[in-house]
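Undergrad: Sequence:
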Amino acid sequence: MKHLPLLLLLLFFLPHLAAAELDIGMNIPLKNKEIYQENRLVAGISWHERGQVILTNSGDENLENIIVSVEVPLQMDIEIPIQSLKNISADNNIVTARIDELGPGESVSFIFSVKPPESIEFKKKASFVISASFDDGIGPRTSSYTHGIEIVPPPSWITYGTVLASISIIFLAFLFAWKFKVLESFTTIDLITIALLAGLIGVVFRWFWQTFNDLLGPLGGLLFTIPTAVLMIIALQLVRKPGTATLLFTVVELVALVVWGTNVTVWMGWYMTEGIIVDILVLLFKKDYADRRSTAIIYAVARSAYAYWMFYFFFAPAVWKVYYAPWYAWGEVGIATIGGFIGGAIGYSIAKKVRGAMM
Numbered sequence: 032m033k034h035l036p037l038l039l040l041l042l043f044f045l046p047h048l049a050a051a052e053l054d055i056g057m058n059i060p061l062k063n064k065e066i067y068q069e070n071r072l073v074a075g076i077s078w079h080e081r082g083q084v085i086l087t088n089s090g091d092e093n094l095e096n097i098i099v100s101v102e103v104p105l106q107m108d109i110e111i112p113i114q115s116l117k118n119i120s121a122d123n124n125i126v127t128a129r130i131d132e133l134g135p136g137e138s139v140s141f142i143f144s145v146k147p148p149e150s151i152e153f154k155k156k157a158s159f160v161i162s163a164s165f166d167d168g169i170g171p172r173t174s175s176y177t178h179g180i181e182i183v184p185p186p187s188w189i190t191y192g193t194v195l196a197s198i199s200i201i202f203l204a205f206l207f208a209w210k211f212k213v214l215e216s217f218t219t220i221d222l223i224t225i226a227l228l229a230g231l232i233g234v235v236f237r238w239f240w241q242t243f244n245d246l247l248g249p250l251g252g253l254l255f256t257i258p259t260a261v262l263m264i265i266a267l268q269l270v271r272k273p274g275t276a277t278l279l280f281t282v283v284e285l286v287a288l289v290v291w292g293t294n295v296t297v298w299m300g301w302y303m304t305e306g307i308i309v310d311i312l313v314l315l316f317k318k319d320y321a322d323r324r325s326t327a328i329i330y331a332v333a334r335s336a337y338a339y340w341m342f343y344f345f346f347a348p349a350v351w352k353v354y355y356a357p358w359y360a361w362g363e364v365g366i367a368t369i370g371g372f373i374g375g376a377i378g379y380s381i382a383k384k385v386r387g388a389m390m
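Residues 32 to 390 (my numbering) are what the sequence shown spells out, left to right.
Treat the hints with care, since some could be wrong.
Unchecked claim - Below, computed lysine to any residue pairings styled on SDA-like, alpha-carbon distance capped at 25 Å:
#	residue 1	residue 2
1	156	226
2	156	73
3	154	181
4	62	87
5	318	215
6	62	364
7	156	184
8	155	349
9	146	364
For the record, the hints were derived by calculation from the structure and aren't laboratory data. None of the values given here were measured: they were computed from a predicted structure.
With the hints as constraints, model all of the structure from the sequences given.
TA: Okay, structure coming up:
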């Protein structure tokens, strides 16, 4: 019985001690997690990446005088954007936020921006160390959380290598065309046909895709993939010359360069490979210029899947330093494949009618 007072005190205070909880979480970069890979920053980018710290009172008591400190790793430059929570500051790689009160079940968040290092030699892991102090009505309490991230080096050598490879592809393509007199086989009508179809792809349907892409969300790529496949099949059936697809997509990118201001000069070789793949398939199928629905679908699917794979797994990380979530990137490649299938089937039907009318 002599311990009864102590037990009563414990029974009285223990629920209050357990009731005060402050959960801490963090998101960085502050982008759509379903699209972009989270917790990965790229060194050498020219912009600041935003991070968000989320505080949640998961207890039953009001929390007051909350002071949150975020230790930013690797001496990264810090900016505090304008936001609803005003009492935020940054000093010596420490971001500090002050919140007067947070009721039970309530959440509050604040944002800060960091610029990754200019350069690192190898992929590196780092952590944001977040600590918080607060008063739960009984006394001062503390809570802490460590958020791990990965910083990858800027793919400069990949970028330079792809530029060199692109120039090499252009050089080899022109050398091949000159040696085997490929361009001389195209008549004036052939060139006009290719220019017309390239203009439709590079201007009309690209504008249509850029304007209405967001309405369909992840399926927006179909607005460009399907008509591109249709017009490519029409070009193959009407022109019927080796190198038709390569010339078509080369002109498409030249049109985009002039009309949209797209800087594709050093990447032109890689864009040409979309057509090179199709022309190789034409030769493998014994100069079948999409004369069968099956080959038309194969050509369109191959071009569409390759183009989207190149963008999400090659151009995005190597050129624009944007890493998409793998499942999203492969999903877009799959959607492009479906678009190629649909476009190839439709293109075959239209091309047969157009060619029949011309004959």
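Undergrad: Go through the numbered hints given earlier and state which of them the structure violates, listing their numbers in rising order.
TA: 1 and 9
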